[in-house]
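**Q** Protein chains in written order, with this note's numbering: chain A, 22 to 274; chain B, 512 to 840.
Any given hint could be a false lead.
To be verified - Simulated restraints, written as ranges between beta carbons of each label pair:
#, chain 1, residue 1, chain 2, residue 2, range
1, A, ASP89, B, LEU721, 50 to 60 Å
2, B, PRO600, A, ALA131, 20 to 30 Å
3, B, PRO514, A, SER171, 41 to 51 Å
4, B, HIS711, A, PHE36, 15 to 25 Å
5, B, ALA608, A, ASP89, 35 to 45 Å
Just so you know, these hints were derived from the structure itself, not from any lab.
By construction, the Cβ of each residue, glycine as well, lies at the ideal position given by its N, Cα and C atoms.
For reference, the chains in residue letters:
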Amino acid sequence: MAEALLSAAGATRHFGGLAAVNNVSIELQRGQLHAVLGPNGAGKSTLINLLSGDLPLSAGTIRYKGRDISALSMDRRSRMGVGRSYQKTNIFPSFTAFENCRLAAQSRDARPFNIFANALHNRAVSAAAERALEQAGLAGRGEIVAATLSHGEQRQLEIAMVLATDPDVLLLDEPLAGMGAEESARMVELLRKLAADHAVMLVEHDMDAVFAVADRITVMANGQVLESGLPEQIRASAAVKQVYLGEDEERHV
Amino acid sequence: MTPLPKTLQATFLASALAIALFPLANSPFYIELVTKIMIMAIFAMSLDLLVGYTGLVSFGHAAYFGIAAYAVVLISPKYEAASLWLTLPASVLIAAASAFVIGLFVLRTKGIYFIMVTLAFAQMVYFLFHDTGLGGGSDGTYLNFKPEAKLAGYTLFDLGNTRHFYYFVFALMLLVYLFLRRLLQSPLGRAFIGIKVNEHRMWSLGYPVLRYKLASFTIAGGLGGLAGYLAACQFGFVNPEILSWHQSGNVLLMVILGGMGTLYGPIAGAFAFVMMQEYFSALTKHWQLLMGGLIVLVVLFFPGGLASLADRFKTRGVKKPVVAEAKHG
Ligand SMILES: Nc1ncnc2c1ncn2[C@@H]1O[C@H](COP(=O)(O)OP(=O)(O)OP(=O)(O)O)[C@@H](O)[C@H]1O
Ligand SMILES: [Mg+2]
């Protein structure tokens with residue numbers, strides 16, 4: 022098996038007495054889309070926060086390209102190639118959609134402290150921003166102030182911003198939630214394409230989407246890994262059925 | 512950054528012209544008053560970079576103003592004039608370096624703690640000059656000779672001449688404005704605004720936010736120092752009051768009154784503030800009460816400050832200035 026691009030070993034995170042993520046190990050490989058399922062409060066978002074550096078670990082290690090990055094800050098991890106999107110839309114509302122993505126792409130600029138350059142004249146950065154908007158289905162919407170985009174479009178922008186940073190690993194926290202059916206289908210198509218040369222971790226409640234694109238699935242409950250394997254194995258697992266698939270699918274925002 | 516709207520451009524040109532012609536028809540008293548206002552406008556713009564564009568509400572900005580003011584006095588020889596070309600950059604650099612060092616500490620805090628800790632550092636600087644003999648203690652000290660602007664033996668202009676000094680300060684005010692506009696169009700400036708709008712996402716996108724804040728804090732400190740340098744030159748005297756918390760509070764009020772995140776707003780704020788100060792203090796002993804009340808009213812009814820008046824003329828839709836600044840155009 023190829024070496025994992027990003028992996029967690031025994032990752033644990035406590036909030037007071039609650040073990041939101043408890044001894045979770047997971048491997049994300051280039052060329053694979055790894056879906057993470059689990060009921061509300063299972064610890065999926067917290068796991069992403071641990072991988073991205075938004076939250077420090079209580080125990081365990083995170084490795085990226087073989088290097089222990091557990092102690093690195095989230096900006097360092099981002100610059101190394103670990104990109105993430107948020108479950109709760111986390112954009113620059115007063116900026117245009119283009120400026121949201123341009124700022125994201127600019128974070129890779131080699132000379133950020135040149136105060137006499139005009140930010141808009143950096144072609145490479147602007148091109149990366151336009152490309153990201155287009156990939157996320159926002160072509161032609163760049164001039165719109167983000168706060169005035171529809172909810173679904175803001176979700177697309179959330180993804181576009183990650184893409185604009187040109188990451189190797191994509192940690193996507195419920196990217197489809199809040200998107201219309203058509204946009205959802207588009208996004209699933211995009212995820213499939215991205216998975217070819219990225220490592221993608223997809224947290225998602227939409228079962229059809231998950232089983233349509235996932236190469237591997239991990240199911241979490243109560244902060245722990247319940248089951249991890251190929252989609253067929255997950256579909257067949259009795260434990261998963263009982264805890265997750267069997268439940269009436271509780272939708273949430 | 513979008514170009515400024517037409518009405519604003521016109522206002523701008525008209526004001527610049529008025530300021531340029533002002534000394535032709537007025538007495539030294541008023542020329543000096545407007546000079547003082549323009550110095551405060553530079554000071555207010557420097558603070559706007561922090562408050563209005565980086566989201567850092569500093570309540571200790573007078574420290575850098577005062578440090579540079581003391582610097583020019585302390586590095587000038589006692590019995591002859593120092594060179595402008597030497598003392599000005601040196602004082603600005605000393606203020607910027609102080610901001611850099613203080614920034615290393617204060618920028619680790621956020622929100623209300625940031626406000627308190629910037630104030631605390633400014634108070635430390637205040638007491639450094641107040642309680643030690645460094646700058647004449649609480650009595651302050653004189654700048655015996657104003658710096659000279661000489662080039663190859665020729666005196667280009669005379670800082671002791673009311674009109675010369677007026678135009679020198681005017682030129683610097685325009686320069687600072689243009690410099691900051693330029694800065695805010697640069698990748699660095701864009702990142703500052705990003706930090707103000709959504710700091711967490713900036714971290715997440717890979718920005719070492721602390722370093723960017725430190726850059727902003729240092730630049731603002733240096734420009735605040737420029738204002739302090741000019742103030743010391745104008746009055747030929749410094750005392751600890753110029754770095755007291757009143758001074759920090761006043762400049763913050765100028766920024767808020769004028770409209771933060773606009774640059775031209777704080778210039779207007781400085782004019783309005785100092786003119787109200789003059790007017791009300793001549794009117795009654797209780798002028799501070801009157802002025803405080805008026806400022807409260809302005810802030811209540813025009814949350815965007817005086818700068819938002821321009822927007823109201825143009826459109827009925829309320830737009831925050833920073834939106835216009837950040838739009839790509
Ligand atoms: N910052 C926090 N402080 C305290 N408790 C937290 C915090 N973040 C998450 N939790 C708790 O940790 C547990 C896991 O939360 P998490 O958001 O990771 O779940 P999730 O699987 O993403 O759920 P959902 O499907 O609703 O998004 C929950 O019980 C939650 O209340
Ligand atoms: Mg979640």
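**Q** Per the hint of 50 to 60 Å, is the separation of the Cβ atoms of ASP89/A and LEU721/B within bounds?
**A** violated, 23 Å
**Q** May I ask you to test the hint 20 to 30 Å on the CB atoms belonging to PRO600/B and ALA131/A?
**A** Since PRO600/B and ALA131/A have Cβ atoms about 29 Å apart, the given range 20 to 30 Å holds.
**Q** Does the beta carbon distance between HIS711/B and PHE36/A stay inside 15 to 25 Å, or does it fall outside?
**A** Because 18 Å falls inside the window, the suggested range holds.
**Q** If you check the beta carbons of ALA608/B and ASP89/A, does the distance land in 35 to 45 Å?
**A** holds, 37 Å
**Q** Cβ-Cβ distance between PRO514/B and SER171/A: within 41 to 51 Å?
**A** violated, 29 Å
Checked against the numbered hints given earlier, the structure breaks hints 1 and 3 and satisfies all the rest.
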